[in-house]
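S.K.: This is what each chain is made of:
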Amino acid sequence: MYSPHTPQEREKMLRVIGVERVEDLFADVPAGQRFPALELPPAATEMEAAEELGHIAEANESVRDLVCFLGAGAYHHYIPAVVDSILRRGEFYTAYTPYQPEVSQGTLQAIYEYQSLMCALTGMEVSNASHYDGATAAAEAVNMAYAQFRGKRTKMVLSPALHPHYRQTVHTYTRGTGLLVTGDDGRPEEGPEALIPLIVENTALVMVQYPDFFGRIYDYTALAEAAHEAGALFAVSVNPLALGMLTPPGEFGADIVTGEGQPLGIPLAFGGPYLGIFTTRKKYVRKMAGRLVGETVDGQGRRGYVLTLTAREQHIRRERATSNICTNQGLMALAATVYLSALGAQGLRQVAELNYHKAHYAAERIASLEGFSLWQPETPFFNEFAVKCPRPVAEVNEHLLEHGVLGGYDLGQDYPTLEGYMLIAVTEMNSREDIDLLVNILAESTQEGSHARTFSL
Amino acid sequence: MLEPLVCELSQPDRQGVGYPPSDVPLSELPAGLTRDALPLPELSEVDVVRHFTRLSQLNYSVDTGFYPLGSCTMKYNPKINEEVARLPGFTAIHPLQPIETVQGSLALMYHLQEALKEIGGFAGMTLQPAAGAHGEMTGVLIMRAYQKDRGETQRNKILIPDSAHGTNPASSAMAGLKVVQLPSDERGNVDLDALRAECDDTLVGLMLTNPNTLGLFEEHVLEIAEIVHAAGGLLYGDGANLNALLGIARPGDLGIDVMHFNLHKTFSTPHGGGGPGSGPVGVAEHLVDFLPAPVVDIVEPAEEDIPPLYGFVTPKKSIGRVKAFHGHFSMMVRAYTYILMHGAEGLRRVAEDAVLNANYLMARLKDTYPVPYGRICKHEFVAEGKVEGAPGVRALDIAKRLLDYGFHPPTNYFPLIVHEALMIEPTETESLQTLDAFAEALLQIAEEAREDPDLLHEAPRTTPVGRLDEVKAARELVLKCEVPA
Amino acid sequence: MNIPADLKYTKNDEWVRVEGNIGTIGITDYAQGQLSDVVFVEILVSEGDAVSQGDSCATVESVKAASEVYMPVSGTVTAIHEELADEPEVVNSDPYGEAWMVKVELSDPSELDGLMDAAAYEAYCAERE
Chain H
1 MYSPHTPQER EKMLRVIGVE RVEDLFADVP AGQRFPALEL PPAATEMEAA EELGHIAEAN
61 ESVRDLVCFL GAGAYHHYIP AVVDSILRRG EFYTAYTPYQ PEVSQGTLQA IYEYQSLMCA
121 LTGMEVSNAS HYDGATAAAE AVNMAYAQFR GKRTKMVLSP ALHPHYRQTV HTYTRGTGLL
181 VTGDDGRPEE GPEALIPLIV ENTALVMVQY PDFFGRIYDY TALAEAAHEA GALFAVSVNP
241 LALGMLTPPG EFGADIVTGE GQPLGIPLAF GGPYLGIFTT RKKYVRKMAG RLVGETVDGQ
301 GRRGYVLTLT AREQHIRRER ATSNICTNQG LMALAATVYL SALGAQGLRQ VAELNYHKAH
361 YAAERIASLE GFSLWQPETP FFNEFAVKCP RPVAEVNEHL LEHGVLGGYD LGQDYPTLEG
421 YMLIAVTEMN SREDIDLLVN ILAESTQEGS HARTFSL
Chain R
1 MLEPLVCELS QPDRQGVGYP PSDVPLSELP AGLTRDALPL PELSEVDVVR HFTRLSQLNY
61 SVDTGFYPLG SCTMKYNPKI NEEVARLPGF TAIHPLQPIE TVQGSLALMY HLQEALKEIG
121 GFAGMTLQPA AGAHGEMTGV LIMRAYQKDR GETQRNKILI PDSAHGTNPA SSAMAGLKVV
181 QLPSDERGNV DLDALRAECD DTLVGLMLTN PNTLGLFEEH VLEIAEIVHA AGGLLYGDGA
241 NLNALLGIAR PGDLGIDVMH FNLHKTFSTP HGGGGPGSGP VGVAEHLVDF LPAPVVDIVE
301 PAEEDIPPLY GFVTPKKSIG RVKAFHGHFS MMVRAYTYIL MHGAEGLRRV AEDAVLNANY
361 LMARLKDTYP VPYGRICKHE FVAEGKVEGA PGVRALDIAK RLLDYGFHPP TNYFPLIVHE
421 ALMIEPTETE SLQTLDAFAE ALLQIAEEAR EDPDLLHEAP RTTPVGRLDE VKAARELVLK
481 CEVPA
Chain U
1 MNIPADLKYT KNDEWVRVEG NIGTIGITDY AQGQLSDVVF VEILVSEGDA VSQGDSCATV
61 ESVKAASEVY MPVSGTVTAI HEELADEPEV VNSDPYGEAW MVKVELSDPS ELDGLMDAAA
121 YEAYCAERE
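Residue numbers (our numbering), protein chains in the order written: chain H, 1 to 457; chain R, 1 to 485; chain U, 1 to 129.
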């Protein structure tokens, strides 16, 4: 399809190689298994493929068609045009890992800038070039803590309010390593202080989310101190957008900050690719997995950037490496860098506060509806909050969808004690009219709910 | 300085993108939980565009030239992929939407799973892993879970040939397995005697890259599968080199039980300056129950006029989740488009031309740059980066000199088993004229190495910066810039 | 290449200097040459640790390679050279002096008999050239 050879050129090349036919190049493949007939649809031209993909895309209902109040780890935000405009540059997206720094200064400097912005945002000293997503970044924090204590501390304390997918990923990653992951089956109703009694001498890491999975904002200073008193590391998984207004974890004692960078200019795209943020203190830099870019000079003293501390990585240390990570999310890190550069300090603060105000307006209005109540009305939250519904969440969501509204996340799926609770996310994309629409349909659904109850009696 | 840092371009109170004022009443910000300083750079939109455009111009890329980086399959990334992946129906959907609202995406994922199963000869497929190394770890965890499920809890050893990618042992170590390295024989195959000696009841399996990192097809692959299976082990396939086998042989037919695919190598999704990749994992029938959750399947079969309903299912003995959500969906759209546009014949032509191009280059170069194990290669080959009559010249010098000729160098110093390795993978999308120009450059460089080796030692001279001081970078560790206060 | 006559050597290119019953341990000139510019040293044992011959006691990293350092002898660690982390370049400039890594009180001096003397080590290095 994209091969340029003419038949004459193929002939010429075969002659130079010294074989007669292309098939002769595969004589070492077992004859019985050679040249299978693959059952695939016939090849489409670009025009046909474009049409077919267009149909497939149209079979989805996007958040452009629906009013979206669904979050739970992926958020519908505005992406300034400048972000994709830069991402579409072939010099960025068709390059690979910058193994040849002399011809990769664009990628290297962009990653260096990404590292700088992540440090500024999280209040930390060093950042790697990114991980796959928030979940794998959290799992790498567990790996790092294990490596930091050279395997001597084996207990990892995870908050139950850490994203369920992140906790599940940590469990998958630690299968077979002999690590004990605890705390994450605790009661989500309890605050971070409930984790303190779990911290023991053998604890390597204490990990929380900020804002947590339910959108709650806590001051984790006491928990960080408890972790440090036991000699353990304290890790915080963040929503980086919230850090446009919230105290950075570096200021309340975090040793590691991970996070999902999707809110920083990366589309929802049905779950990926996203961006795994990972920052830490300088003293732990050598235990951190992932690529790292450092500043240096060339032979003429010109400033330039290189991949550094590569001896930590799998291609040199093989089974002794801290992690098997090979690629980062280069292009997604670039998206976040362009996004933050374009918004700047003021823009990011503005968008974070817009999220905050709109979510609070929505929460207040929903709380005033009969049959609905906020889960923990006294706890501060960012752009997401849990609401008790008068009917099963699935039914409420079905009703919302009929009216073109994508409702919130059904918390009963992951938390048995939160059966009937919906997690609602509100972003700058939701206008006051959108929120009022949500509130009105929810109000309606109560009425229908009372009917339903009548019938069931 | 080539281009100032974004921190250096910052001017206080400048802003590129603005937002409307709040249309809802303001709430009080949470007391004691807000930050004071937010030390981000402040630029206008024009500054941002120029800065990143200028940075992009300092890069070498597939769109600007030949990129024969061995083991990375730097083929052309079709532009149509970029267009379809950006359709709002794909970019503006939330991963947790009700399945009824995302039937397009689920159907695409289902059909991509089916196509990859057909291409690889597998019974089951997960699209969740985010990259090749992530797929490897997933595969190894599946193998481990399978052995444990059979009650073979004593099995903790994984065999890895010395020519393997470094990710193989690293992934295995992450899964808590003991790594034993196997030597290669004189034809570059796995040493069968060494393999037999290690096949006991502690064996989890063997990780095989085929074609291996020397670009050579493993001639005993069927026998290896037999030996490993007879010992109760499983055969893992590192799919990094699948580009050579599309329509040529199905790894599943060769006895591979589990394999990761690299959509960013074989199926043309862009490398993005080092990611995002995508590393689906295919498995044979006996491993289907262990796949990570969730997997896309038909949850309600089609009826007359009604299409099937696609949804997510959790395999019975699933190893669990390996990341959040469902994988790198946008990469799946691109790979699906690529497969759709090739069909069975087109994919076979991809492999044939990739192998043709590699062998052509090898034929043109082997008299000047020695190629160990000299037999027909597959999609890539490894030459020794040394020149007769130029003892002071190393592979690194040759690589750097190639930059002056406008080419991206091959992979250096890998695989470790070839001295001064230059690993060359042209891919199928390069023309004869490009290959000839590259061969001429390498032959010319050999001349230069003998006549004026300083040209090589001092290379590159024409790039934006010269050789950079990596020792200084590692010793001094300057890892970020700051916006001036 | 510098191979002091008064030291004992291992096949993994560590040296040990014995004074009384204290052994001082580092890596050889040959080893530092193979690694090239050393950028990081991490000592993996602590004072008071009981260590056995063959245990990993330090990691040395250059730009291109990483190498484990193993205990040539068994014993109890009496001192570690922590400052080496701040000046890893001395591994290149003074491998037998400033770049010592671990001091250990020998628990089994007979282990020394199994190590190479300078002449044997020189031959061993020549073999690998």
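In short, the hints are calculated from the structure, not lab data.
Note that this is a predicted model, so its numbers are computed, not measured.
Glycine included, every Cβ here is placed at the ideal spot set by N, Cα and C.
It is possible that some hints are incorrect.
Computed list of lysine-lysine pairs in DSS-like fashion (alpha-carbon distance at most 25 Å, straight line) [to be verified]: (1) U:K11 / R:K178; (2) R:K472 / H:K287; (3) H:K152 / R:K366; (4) U:K11 / H:K152; (5) R:K157 / H:K283; (6) H:K282 / R:K157; (7) H:K152 / R:K157; (8) H:K282 / U:K103; (9) H:K283 / U:K64; (10) U:K11 / R:K472; (11) H:K287 / R:K178; (12) U:K11 / H:K287; (13) H:K12 / R:K157; (14) U:K11 / R:K386.
Label pairs and their in silico Cβ distance ranges [as the list claims (entries may be wrong)]: (15) U:E19 / H:T221: 48 to 58 Å; (16) R:K316 / H:N202: 51 to 61 Å; (17) H:S368 / R:L29: 13 to 23 Å; (18) H:K282 / R:L29: 42 to 52 Å; (19) H:H228 / U:T78: 46 to 56 Å; (20) R:V313 / U:A50: 27 to 37 Å; (21) R:E384 / H:A31: 26 to 36 Å; (22) H:K282 / U:P4: 48 to 58 Å.
S.K.: With reference to the structure, classify each hint as holding or not holding.
M.R.: Evaluation of the provided hints:
no., hint, verdict
1, U:K11 / R:K178, "holds (23 Å)"
2, R:K472 / H:K287, "holds (20 Å)"
3, H:K152 / R:K366, "violated (52 Å)"
4, U:K11 / H:K152, "violated (29 Å)"
5, R:K157 / H:K283, "violated (34 Å)"
6, H:K282 / R:K157, "violated (36 Å)"
7, H:K152 / R:K157, "holds (23 Å)"
8, H:K282 / U:K103, "violated (28 Å)"
9, H:K283 / U:K64, "holds (22 Å)"
10, U:K11 / R:K472, "violated (31 Å)"
11, H:K287 / R:K178, "holds (21 Å)"
12, U:K11 / H:K287, "violated (28 Å)"
13, H:K12 / R:K157, "violated (48 Å)"
14, U:K11 / R:K386, "violated (29 Å)"
15, U:E19 / H:T221: 48 to 58 Å, "holds (50 Å)"
16, R:K316 / H:N202: 51 to 61 Å, "violated (34 Å)"
17, H:S368 / R:L29: 13 to 23 Å, "holds (22 Å)"
18, H:K282 / R:L29: 42 to 52 Å, "violated (31 Å)"
19, H:H228 / U:T78: 46 to 56 Å, "violated (30 Å)"
20, R:V313 / U:A50: 27 to 37 Å, "violated (53 Å)"
21, R:E384 / H:A31: 26 to 36 Å, "holds (32 Å)"
22, H:K282 / U:P4: 48 to 58 Å, "violated (37 Å)"
Consistency note: the structure conflicts with the earlier hints numbered 3, 4, 5, 6, 8, 10, 12, 13, 14, 16, 18, 19, 20, 22.
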